[in-house]
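Chains as they are written, first to last, in our numbering: chain A, 260 to 566; chain B, 107 to 455.
Note that these hints are calculated values from the structure, not bench results. For every residue, glycine included, the Cβ atom is placed at its ideal position computed from N, Cα and C. Treat each hint with caution, since some may be false.
As the list claims (entries may be wrong) - Here are the computed distance ranges between Cβ atoms for each label pair: (1) A:N295 / B:G145: 53 to 63 Å; (2) A:G271 / B:A258: 46 to 56 Å; (3) A:P474 / B:P133: 42 to 52 Å; (4) B:M136 / A:D340: 34 to 44 Å; (5) A:P424 / B:Q205: 41 to 51 Å; (6) A:R385 / B:R284: 54 to 64 Å; (7) A:N295 / B:R284: 46 to 56 Å; (8) A:R362 / B:P133: 57 to 67 Å; (9) B:P287 / A:G271: 20 to 30 Å.
Unchecked claim - Partner residues are not named here, just some residues of chain A that face chain B (Cβ under 10 Å, in silico): (10) Y270; (11) P294; (12) L310; (13) S325; (14) H332; (15) P339; (16) G343; (17) V344; (18) A358; (19) A359; (20) Y361; (21) R404; (22) A405; (23) R560.
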Amino acid sequence: MISVEQLTKVYGRRTALDAVSFEVPKGEIFGFVGPNGAGKTTTLRILAALLEPTSGRAFVDGADVSLQPARVHERLGYMPDFFGVYDQLTAAEYLDFYAACYRLPRARRKKIADDLLELVGLSDRRDQAVDTLSRGLKQRLCLARALVHDPAVLLLDEPASGLDPRARVEMREILKELQKMGKTIVISSHILPELTELCTMVGIIDQGRMRATGPVQDVIRQLTSGRRLRITVLGQKEEAAAVLKPLPMIHAVSTLNGAIEAEYEGDDATAAAILQTLTAAGIKVSGFSQLEGGLEDAFMRATEDEQ
Amino acid sequence: MNPIAVALWNPIVAKEYRSRMRTWRSPLAMTVYVLLLGGLGWAIFSAMAYSSRNSYNGGQAANYGQGLFLYLVLFQMVLLAFITPALTAGAISSERERQTIDLLFVTKLPAFSILWGKLLASMSFVLLLLLLSVPIFSLVFLFGGIELDQVAAAFLVTAISALTLGLIGIACSTAFRRTLPATVTAYGAAFLVLGGTLLFGLLFPTDPDPKATVAPAPPAVTYLSPIIPLITIGTNGPITNFGVRNGNPLYGTSGAGGTVACSVTPGGVKSCYSVPSGPMVKGLIGQPYPVQASGTMIPSGLFSGWQYWQATVTLQLAICVVALILGAMLLSPIRHLPWRKRAPADVKT
Chain A
260 MISVEQLTKV
270 YGRRTALDAV
280 SFEVPKGEIF
290 GFVGPNGAGK
300 TTTLRILAAL
310 LEPTSGRAFV
320 DGADVSLQPA
330 RVHERLGYMP
340 DFFGVYDQLT
350 AAEYLDFYAA
360 CYRLPRARRK
370 KIADDLLELV
380 GLSDRRDQAV
390 DTLSRGLKQR
400 LCLARALVHD
410 PAVLLLDEPA
420 SGLDPRARVE
430 MREILKELQK
440 MGKTIVISSH
450 ILPELTELCT
460 MVGIIDQGRM
470 RATGPVQDVI
480 RQLTSGRRLR
490 ITVLGQKEEA
500 AAVLKPLPMI
510 HAVSTLNGAI
520 EAEYEGDDAT
530 AAAILQTLTA
540 AGIKVSGFSQ
550 LEGGLEDAFM
560 RATEDEQ
Chain B
107 MNPIAVALWN
117 PIVAKEYRSR
127 MRTWRSPLAM
137 TVYVLLLGGL
147 GWAIFSAMAY
157 SSRNSYNGGQ
167 AANYGQGLFL
177 YLVLFQMVLL
187 AFITPALTAG
197 AISSERERQT
207 IDLLFVTKLP
217 AFSILWGKLL
227 ASMSFVLLLL
237 LLSVPIFSLV
247 FLFGGIELDQ
257 VAAAFLVTAI
267 SALTLGLIGI
277 ACSTAFRRTL
287 PATVTAYGAA
297 FLVLGGTLLF
307 GLLFPTDPDP
317 KATVAPAPPA
327 VTYLSPIIPL
337 ITIGTNGPIT
347 NFGVRNGNPL
357 YGTSGAGGTV
367 ACSVTPGGVK
377 SCYSVPSGPM
387 VKGLIGQPYP
397 VQASGTMIPS
407 GLFSGWQYWQ
417 ATVTLQLAIC
427 VVALILGAML
437 LSPIRHLPWR
447 KRAPADVKT
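With the hints as constraints, model all of the structure from the sequences given.
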């Protein structure tokens, strides 16, 4: 649905994007992760045909963003990382205005505005002035605005920034709902735990370069070498570490807050074998669990070369 | 809706009307406008009534009408020159500052429609102000001395001048990212059009050809200013004292053109009468003066034979077209300026 090939953007002497490539198939939620200034917003603006790439190409649902911006705009809902709201308009009028900008007939606009307000949970605020809405509500209204023309693709730039935890959870629920409706969604964010739960695919960008891209678990596996165990023992930390270190499947052993963390290569059977070795050596194991490799971890690994 | 209606009426106009008319600023601006114009009319009337007590024919109603009309149209033009750039200079740049312009660019509205919508919305407010002034101008007819076509021509010149200033404001608003520099530039441009062109006429007047059989006219650039046509419409006479070197003889010009000759009758009564302008008229000090303009037509030059207001409207419409094209070119998020060759989006391999 979205295809980005060797996208490069140069501002004067600064390279904001350096040959970025990725693909997002239909129906996926693509998390675009990177520190501030990594090039996330630049990429999204190019995808929304608001910025011309220096070189490279990008396609949204088959339409070239440089050559067919009008076709791109038809297929795309864009929500920038700020609230674009006007004073003196109510929520319903705000949506009606953008629906009219998409040349939707007047007869359909009212129903669309009502449906969208219901989708984002703002039905009871339809006649409230937009500039008096709270940040979270404005953000939801902006999401509704991006949906007025029922686009196949949604580009959301930092949709959760500045939202309180409840608003974030609500936003996440809305996005899941949209995914069920078959929309392809690209979300840029630096709030990683949220993306792990929500996204099906991820791209890690740093200093204008794509560090890793693919399905979330693949990227995590690719970047965090092996799996990790968290072991707690009854007072025999040094002995336990000494037993673990010589084992061939163990890459690294560290003690953290009274627990031992061991990185290993292998599957569940390997983990069972490690536990067996520990108990055979007389170590009293009180806790033994596998740690899920997190996106945060993957992100730190991907960007650590540059730090 | 047919395509023309779609092009003319776009959602931005309706949205701008709503936003504008829901604030207290618009009714306040309208009230102040009417009060200023009405106040000036009243002040001029009072001044003329006062001075007419010492004048033997100044108290004629027609003179009141003409004087009132002239000052009102000039004052209205100056007021609009202050209001219009303020209305339009922020039209696009404020959208940029509020970061809402991208949201418009990703819709189906072409950049030109955005520009057009903003212009239409701002200029309708100017038109509303012009309509509000109609009752004040209608008072002029109580005194007489002014024809309906003079009022129509004056309103046309004022409206077109406001449109020009509005379009210059919009062009500035698209060229600058911030409203402040856009506003400053728009006011600078408004001053240039209204006052700068007149200053040009004063500094670089036309050198009259003594052999010419037609009267010299001010430099063509001065017709850009709506002040000249408004004066010619208001006085129903030519511009004689402006834009021509030595064009202001020490004696002998009347408001209606031509010269005035005075003689003393044997009885000792001095009488003056108007002499239509001919190819060469001798002034009272014996020096030949260039031919004087008469009527409201431009006597010579590029716009020879045109009415002053026609030249002004034509020149201003030309500026409007340039400003509109410039604005539309600068507005697009991705500017494809004709002098900048567009690099094809090549694929690195």
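Status of each hint after checking the structure:
1. Evaluation of the 53 to 63 Å hint for N295 (chain A) and G145 (chain B) yields a pass: the beta carbon distance comes to about 56 Å.
2. Hint check: G271 (chain A) to A258 (chain B), Cβ distance near 55 Å, so the stated range 46 to 56 Å holds.
3. Take P474 (chain A) and P133 (chain B): their Cβ atoms lie about 60 Å apart, and the range 42 to 52 Å is violated.
4. For the pair M136 (chain B) and D340 (chain A), the supplied restraint of 34 to 44 Å holds, since their beta-carbon distance comes to about 39 Å.
5. Between P424 (chain A) and Q205 (chain B) the C-beta distance comes to about 26 Å, which lies outside the given range of 41 to 51 Å.
6. Taking 54 to 64 Å as the suggested C-beta distance range, the pair R385 (chain A) and R284 (chain B) does not conform, at roughly 34 Å.
7. Checking the proposed 46 to 56 Å range against N295 (chain A) and R284 (chain B) shows it is violated: the Cβ atoms sit about 24 Å from each other.
8. At roughly 33 Å, the beta-carbon separation of R362 (chain A) and P133 (chain B) lies outside the given 57 to 67 Å, and the hint is violated.
9. The hinted range of 20 to 30 Å is satisfied by P287 (chain B) and G271 (chain A), whose Cβ atoms lie roughly 21 Å apart.
10. A distance limit of 10 Å between C-beta atoms decides the matter here; for Y270 (chain A) the minimum to chain B is near 14 Å, and the interface restraint is violated.
11. With a cut of 10 Å, the hint placing P294 (chain A) at the interface with chain B is violated, because the nearest CB-to-CB distance is about 22 Å.
12. Annotation: L310 (chain A) was flagged as interfacial toward chain B, and the flag holds, the nearest CB pair being 7 Å apart, inside 10 Å.
13. Interface hint at S325 (chain A): satisfied, since its Cβ lies 4 Å from the closest Cβ of chain B, which is below the 10 Å cut-off.
14. Checking H332 (chain A) against chain B: minimum C-beta separation of about 5 Å stays under 10 Å; hint holds.
15. A least Cβ separation of about 6 Å between P339 (chain A) and chain B falls short of the 10 Å threshold, and the interface hint therefore holds.
16. The beta carbon of G343 (chain A) comes within 4 Å of a beta carbon in chain B, closer than 10 Å, and the hint placing it at the interface holds.
17. Taking 10 Å as the C-beta contact cut-off toward chain B, the hint placing V344 (chain A) at the interface holds, the least distance being around 7 Å.
18. Against a cut-off of 10 Å between C-beta atoms, the interface hint on A358 (chain A) holds, since the closest Cβ of chain B lies about 9 Å away.
19. With 10 Å as the threshold, the beta carbon of A359 (chain A) comes within range of chain B, its nearest partner Cβ sitting at about 4 Å, so the hint holds.
20. Because the smallest distance between the Cβ of Y361 (chain A) and any Cβ of chain B comes to about 5 Å, under 10 Å, the interface hint for this residue holds.
21. Hint on R404 (chain A) holds. Least Cβ distance to chain B is approximately 7 Å, under the 10 Å limit.
22. Because the beta carbon of A405 (chain A) sits about 9 Å from the nearest beta carbon in chain B, less than 10 Å, this interface hint is met.
23. Violation of the interface hint for R560 (chain A) is found here, the shortest Cβ-Cβ separation to chain B being roughly 27 Å, above the 10 Å cut-off.
The structure shown violates the earlier hints numbered 3, 5, 6, 7, 8, 10, 11 and 23.
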